Amino acid sequence: MTTSAPTSGRTFFLRPQDMIGIAILAVLLVVILPLTLDNFRLQFVGKYLTYAFVALGLVLCWGYAGILSLGQGVFFGLGGYCMAMFLKLEASSVANTKIQTTPGIPDFMDWNQITELPLMWQPFNNLGLTILAVILVPALFAFIVGFAMFKRRVGGVYFAIITQALAAILTILIVGQQGYTGGINGITDLRTLHGWDIRTDAAKTILYFVCVGLLIACILLAYYVKSSKLGRILVAMRDKEDRVRFSGYDVASFKVFVFCLAASLSAIGGAMFTLQVGFMSPSFVGIVPSIEMVIYTAVGGRLSILGAIYGTLLVNWAKTSFSESFPELWLFGLGGLFIAVVLIFPNGLAGLWQTYVAPRLGPLFGGTAKRAVPSPASEPAVPAAPAVAE
Amino acid sequence: MNANVISDQMNKDFVLAVEGLTVSFDGFKAVNDLSFYVDENEIRVIIGPNGAGKTTVLDLICGRTKATTGSIRFKERELTRMKEHEIVRAGVGRKFQNPSIYEDLTVFENLEISYPKGRTVRGALTFRRDSAVKERVQEVAETIFLADQLDQRAEYLSHGQKQWLEIGMLLIQDPELLMLDEPVAGMSVSERKKTAELLNRIIKDRSVIVIEHDMKFVEDIAHKVTVLHQGKILSEGSMAKVQADPKVIEVYLGH
Chain F
1 MTTSAPTSGR
11 TFFLRPQDMI
21 GIAILAVLLV
31 VILPLTLDNF
41 RLQFVGKYLT
51 YAFVALGLVL
61 CWGYAGILSL
71 GQGVFFGLGG
81 YCMAMFLKLE
91 ASSVANTKIQ
101 TTPGIPDFMD
111 WNQITELPLM
121 WQPFNNLGLT
131 ILAVILVPAL
141 FAFIVGFAMF
151 KRRVGGVYFA
161 IITQALAAIL
171 TILIVGQQGY
181 TGGINGITDL
191 RTLHGWDIRT
201 DAAKTILYFV
211 CVGLLIACIL
221 LAYYVKSSKL
231 GRILVAMRDK
241 EDRVRFSGYD
251 VASFKVFVFC
261 LAASLSAIGG
271 AMFTLQVGFM
281 SPSFVGIVPS
291 IEMVIYTAVG
301 GRLSILGAIY
311 GTLLVNWAKT
321 SFSESFPELW
331 LFGLGGLFIA
341 VVLIFPNGLA
351 GLWQTYVAPR
361 LGPLFGGTAK
371 RAVPSPASEP
381 AVPAAPAVAE
Chain U
1 MNANVISDQM
11 NKDFVLAVEG
21 LTVSFDGFKA
31 VNDLSFYVDE
41 NEIRVIIGPN
51 GAGKTTVLDL
61 ICGRTKATTG
71 SIRFKERELT
81 RMKEHEIVRA
91 GVGRKFQNPS
101 IYEDLTVFEN
111 LEISYPKGRT
121 VRGALTFRRD
131 SAVKERVQEV
141 AETIFLADQL
151 DQRAEYLSHG
161 QKQWLEIGML
171 LIQDPELLML
181 DEPVAGMSVS
191 ERKKTAELLN
201 RIIKDRSVIV
211 IEHDMKFVED
221 IAHKVTVLHQ
231 GKILSEGSMA
241 KVQADPKVIE
251 VYLGH
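Those protein sequences? They're chains F and U, same order as listed.
Residue numbering for the first sequence follows the UniProt record's numbering, starting at 1 and increasing by one per position.
Residue numbering for the second sequence follows the UniProt record's numbering, starting at 1 and increasing by one per position.
Derived by calculation from the structure, the hints in this document are not laboratory data.
Wrong hints could be hidden among the right ones.
[What the hints assert, rightly or not] In the PhoX-like style, the derived pairs of lysine-lysine whose C-alpha atoms are separated by at most 25 angstroms in a straight line are:
1. F:Lys-151 to U:Lys-194
2. F:Lys-319 to F:Lys-204
3. U:Lys-232 to U:Lys-29
4. U:Lys-204 to U:Lys-224
5. U:Lys-194 to U:Lys-204
6. U:Lys-216 to U:Lys-193
7. U:Lys-83 to F:Lys-151
8. U:Lys-66 to F:Lys-151
9. U:Lys-193 to U:Lys-75
The structure displayed is predicted, hence computed values, not measured ones.
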């Protein structure tokens, strides 16, 4: 009767503290890092950011909807391969490949006695179709897997194991079909995008900013989904799936949707990886990278969109630093980190931030958001006293 | 009244017609050739000892368990062939035995999710919290004594308040058939009284099936009582008639 917060409504999907958080991240990525890091290090950050797309998808899929996928590398890889196929075709012009038995096809095809460009590769002559494929091929694959699993109510650990198996299967398939995929080496020696040389430092800097721009756009999309009623249904499903089902929702279709969305986000990251790093190989598709991506999300905080981005950056930065000095210790470090997250701070860095730091900073930094799942109804502008003080 | 003599055209008068319903789990018949009919605006209470199949009957009606044989017709529609969410959309609401609410969401959001709009993926993405939604949530919140808790995260509610919230989540769907599984279980005496009052208010203008053990409560609300025993109907009729039935006294009330 006296509560006004829910009835005050929300005209915009971002709360003030979200906008501040996104702005801080944008300033860090667009201004601070490019000014303080040399080209070499900045390219590393660019590479890390491509994994952040995967982490973003995992926040929605795992954190919010409770669907743990241990096979996100599959989608990262599919996106990356789609982009690599386009770049490879461009690099394999007749002029560049005139020493081959069949000029005009990628070198690895020639080595494998393939004399004509396979049908599967044909659409990748066109950049527009390639971009569509980057987003749609992984989404379609996720749809098929998701539809088959979720309609049969396969979930939890079983789903995680199946996604892991998919990662293993796709790796084996790529390695085995060398003539069509480049095999274990992947697709290498990528040179130009529509004639623009992507190997120069200047091009890599531009691609870094494109990557940041796309990431911010995807973050906004994730915030939109999270703050919509669909976002709340995902949380509700995670808690009480049956209650959602018996409130008139087709639970499976929501799971399929969020799984496909996470797949497309991962694929955008994969495509940006190919562009920035200049190759794509099965080592980014398999079980190990898929699990590492889950760890990035867990460390950052699986319930926090921005937390997952920072988690990805920090874990990768640590990985690079450690691998440079103590290469053999890194895997132990990663394992230890994961155990620490599970045992000591289950909501990751974002959880620590929300518990210890944010309350001291005041409402604009999410000081009133007591828990990691923010309630859109309690606006920070209206001190939502009942939600905090029990 | 013998179920078998009721002809097909008479079924139109019933909101729910359950006929020859059987479900067997690995040969064990949890519900065995069950037939009963619920009238418009009727309040039917199902009682029976533990394991009699009461909750299974509700599970069958709402589609959570698939029937082995038999039919369940709700306003001329065959529910046994429909999916759970389609049954809900047809107008059947169900409350679970344990309070089943979304602990991570606020009371407002709990009610909003149950509001019958934006139930598809696209609908949920474009759903707007307009004034009709807010008014309806406010109205239901007042009915269930939670109007001043709308911003509270549901996990901080007391057990009784959680039960009320779930009742509210059903109420906002405005179902024609409401099924309640032990709505007053685990409540304090004062909560129980308030809940009885609440139920008496919300069961108007709809058909209700209630499972309850509390005899005083049953006496208060029941139009008709069905006693189940080992998956079959032991007795059916008014509370007074059922209580006087020697078979019922033997297996249930007498203990």
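Do the hints match the structure? See the list:
Taking the CA atoms of Lys-151 (chain F) and Lys-194 (chain U), the gap is about 40 angstroms. The hint is violated against a cut of 25 angstroms. Between Lys-319 (chain F) and Lys-204 (chain F) the CA atoms are separated by roughly 22 angstroms; this keeps the pair inside 25 angstroms, and the hint holds. This hinted pair checks out: Lys-232 (chain U) and Lys-29 (chain U) have alpha carbons roughly 10 angstroms apart, not beyond 25 angstroms. Between Lys-204 (chain U) and Lys-224 (chain U) the alpha-carbon distance is near 15 angstroms, which keeps this suggested pair within the 25 angstroms criterion.
Taking the CA atoms of Lys-194 (chain U) and Lys-204 (chain U), the gap is about 16 angstroms. The hint holds against a cut of 25 angstroms. Our distance criterion of 25 angstroms between C-alpha atoms is met by Lys-216 (chain U) and Lys-193 (chain U), whose separation comes to about 11 angstroms. Between Lys-83 (chain U) and Lys-151 (chain F) the CA atoms are separated by roughly 11 angstroms; this keeps the pair inside 25 angstroms, and the hint holds. Between the alpha carbons of Lys-66 (chain U) and Lys-151 (chain F) the distance comes to roughly 16 angstroms, so the proposed pair stays at or under 25 angstroms and holds.
Simply put, Lys-193 (chain U) and Lys-75 (chain U) have alpha-carbon atoms about 33 angstroms apart, too far for the 25 angstroms limit, and the pair is violated.
The structure shown violates the earlier hints numbered 1 and 9.
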